[in-house]
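Asker: Let's have the full structure, built from the sequences with the hints guiding it.
Chains as they are written, first to last, in the numbering used here: chain A, 1 to 483; chain B, 484 to 579.
Take the hints with a grain of salt, since some may be wrong.
Claimed, not checked - Below, in silico cross-link-like pairs of lysine to any residue (SDA-like), each with a Cα-Cα straight-line distance of 25 Å or less:
hint	chain 1	residue 1	chain 2	residue 2
1	A	K374	B	M484
2	A	K374	B	L486
3	A	K302	B	E526
4	A	K384	B	Q537
5	B	K574	A	T336
6	B	K574	A	R322
7	A	K408	A	A418
8	B	K574	A	K384
9	A	K302	B	P534
10	B	K574	A	K408
11	A	K374	B	P534
12	A	K384	B	L541
13	A	K384	A	I242
14	A	K384	B	V532
15	A	K384	B	A536
16	A	K302	B	N516
17	A	K408	B	N516
18	B	K574	A	A318
19	A	K374	B	A492
20	A	K374	B	Q513
21	A	K408	A	A390
22	B	K574	A	M337
23	B	K574	A	A418
24	A	K374	B	V529
25	A	K302	B	T539
26	A	K302	B	K574
27	A	K302	B	M523
28	A	K374	B	T539
29	A	K374	B	S487
30	A	K374	B	D540
31	B	K574	A	L343
32	A	K302	A	T336
33	A	K374	B	A536
34	A	K384	B	P533
35	A	K302	B	Q513
36	B	K574	A	K374
37	B	K574	A	P330
38	A	K302	B	A492
Rather than coming from a laboratory, the hints here were simulated on the basis of the structure.
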Amino acid sequence: MTERYPTTVAAASAALAAGELSSAELTEAYLSRIEAVEPTVRAFLTITAERALERARRADATRRADSSPLHGVPLAIKDVICTNGVPTTCGSAILEGFVPPYDATVVERLEAAGAVSLGKLNCDEFAMGSSTETSAYHITRNPWDPERVPGGSSGGSAAVVAAGMAPASLGTDTGGSIRQPAALCGVSGLKPTYGRVSRYGLVAFGSSLDQIGPFAWTAADLALILGVIAGHDPRDGTSAPIPVPDYRAALTGEIRGLRVGVPREYFVEGMEPGVEAATREAIAALKDLGADVVEVSLPHTKYALPTYYIIAPAEASANLARYDGVRYGPREPGETMWDEIELTRGRRFGAEVRRRIMLGTYALSAGYYDAYYKRAQQVRTLIKRDFEEAFAQVDVLATPTSPTVAFKIGQKLDDPLAMYLTDVCTLPINLAGMPSLVVPCGFSEGLPVGLQLIGRPFAEETLLRTGDAYQRATDWHTRRPAL
Amino acid sequence: MALSSQEVAHVARLARLRLSAEELERMRSQLSNILDYIAMLQEVNVDGVPPTAQVTDLVTVMRPDEVTTGLTREQALANAPDQREGMFRVKPVFDA
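Answerer: Set out below in structure tokens:
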């Protein structure tokens, strides 16, 4: 990969602030890179080149000494986040051609900071999937090996950074959809604490689980972005009225005395040996930096997957009831209103989305509510308590992110359970609402592996400090695919 | 747990999804497999454990009861597949 322009947010920001290049030049450089490699990777659903250049020129004209570090920096946004005047499809045929009349809060905040959006990124349909193969439009390929998936559901958000088409992106994470693709594409990704970032304008999937978060090469870049998008929003009643700290100030490079717990249940059966080896080496590196590493237990871990696959589909079945082809989206023709609604939903939702709507509807239906939904909510309490007990002993948990490296396109698409199992290390964290950071920590069979760090609620500073200290001592985050 | 074809058809109707016979059968088999896996939760002792519906510890958030601007009618209708006289238009709801 040619690197004649800055590839990290921090480097881009510094070059722009020093006047070494303009935002228009930087945006042109990224658009050229997109032209060169997007035909192979296909990370985007919509590329807004003209709009980006116009915004970049505006950023150049409005730059001040105290401009945000994101001022004039290009990035791209997952297509489940509403963008005023720019199509937002969620990777679904049921929202083909939908143009939101408003911006999500995160988009407003990025634009107010002067960031330049390059376009909208591919994902699994309505963020339901772990490979970006359930998008109704096209698949996205892993920049490290185009025969393999980028992970999902935020596969486009991970691939766009890994392929050098943007220095950063936004994705969303309901059960691992930021962290698993970050790991599989060898980039860094952060799922903030539930409530840290406003969900206003995020198309809802599992409302008690969804969070928006950033992708970039480094933890330091994630800190810059989180500082812009985090914070209370009166338009999201679940956003936390807690002040946003200066995440950059947390990056001291110092983790001596940090207590790191390694939950034994996360080294699951069937984990690839290369993944386990890279993860354990990364934990050893934290120890070398002065952290105290201890083994801990989260005994209800194995129940997280079945719990998640009741709660998330139940919430999804309610959230997706609104797609009826009446107020927006295309409508399939039929004889009566109900014909048209049922045909529109039956034909325009893809197989995985239909499966989850069915599962959720069943779990919530009369006679099954107590056996499935209520029980899952009770087990969710036990999973959350596991974390609370662990965090009474340690500051951070360190685990693998995914049991495997990026798998082949098509390998798991027809086996829903095999696909769901790829998120076994990430979904417990959404059920408990904790923040979690993934940083690249090595390779197995030539493909990237990611270390997952989990923190207490609203302890993003600790996670980012740990990830940054690790990246000061290692160079995995500087490796680039030969694309 | 094996679902019957009738149960799957009933759930599809509740979810307002029109599925082909082939799709219903595939769905029956896949959902049965997933439910078999989920049955693992029955072995957990949940006696006296309160359910968790959300993790924020926030209670219902109120805002001042003041009029604010929303979408204009034009904006709200801009994505409508069919409209008439400033309203969303659908086929007859009731049988004639």
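Asker: All hints, please: hold or fail.
Answerer: Hints, verified against the model:
no. : hint               : verdict
1   : K374(A) to M484(B) : holds, 18 Å
2   : K374(A) to L486(B) : holds, 20 Å
3   : K302(A) to E526(B) : holds, 12 Å
4   : K384(A) to Q537(B) : holds, 11 Å
5   : K574(B) to T336(A) : holds, 5 Å
6   : K574(B) to R322(A) : holds, 17 Å
7   : K408(A) to A418(A) : holds, 13 Å
8   : K574(B) to K384(A) : violated, 47 Å
9   : K302(A) to P534(B) : holds, 18 Å
10  : K574(B) to K408(A) : violated, 45 Å
11  : K374(A) to P534(B) : holds, 7 Å
12  : K384(A) to L541(B) : holds, 16 Å
13  : K384(A) to I242(A) : holds, 21 Å
14  : K384(A) to V532(B) : holds, 12 Å
15  : K384(A) to A536(B) : holds, 12 Å
16  : K302(A) to N516(B) : holds, 17 Å
17  : K408(A) to N516(B) : holds, 23 Å
18  : K574(B) to A318(A) : holds, 24 Å
19  : K374(A) to A492(B) : holds, 24 Å
20  : K374(A) to Q513(B) : holds, 23 Å
21  : K408(A) to A390(A) : violated, 36 Å
22  : K574(B) to M337(A) : holds, 5 Å
23  : K574(B) to A418(A) : violated, 42 Å
24  : K374(A) to V529(B) : holds, 10 Å
25  : K302(A) to T539(B) : holds, 23 Å
26  : K302(A) to K574(B) : violated, 48 Å
27  : K302(A) to M523(B) : holds, 9 Å
28  : K374(A) to T539(B) : holds, 19 Å
29  : K374(A) to S487(B) : holds, 23 Å
30  : K374(A) to D540(B) : holds, 19 Å
31  : K574(B) to L343(A) : holds, 13 Å
32  : K302(A) to T336(A) : violated, 46 Å
33  : K374(A) to A536(B) : holds, 9 Å
34  : K384(A) to P533(B) : holds, 12 Å
35  : K302(A) to Q513(B) : holds, 21 Å
36  : K574(B) to K374(A) : violated, 38 Å
37  : K574(B) to P330(A) : holds, 15 Å
38  : K302(A) to A492(B) : violated, 31 Å
Hint check: violations occur at hints 8, 10, 21, 23, 26, 32, 36 and 38; the rest are consistent with the structure.
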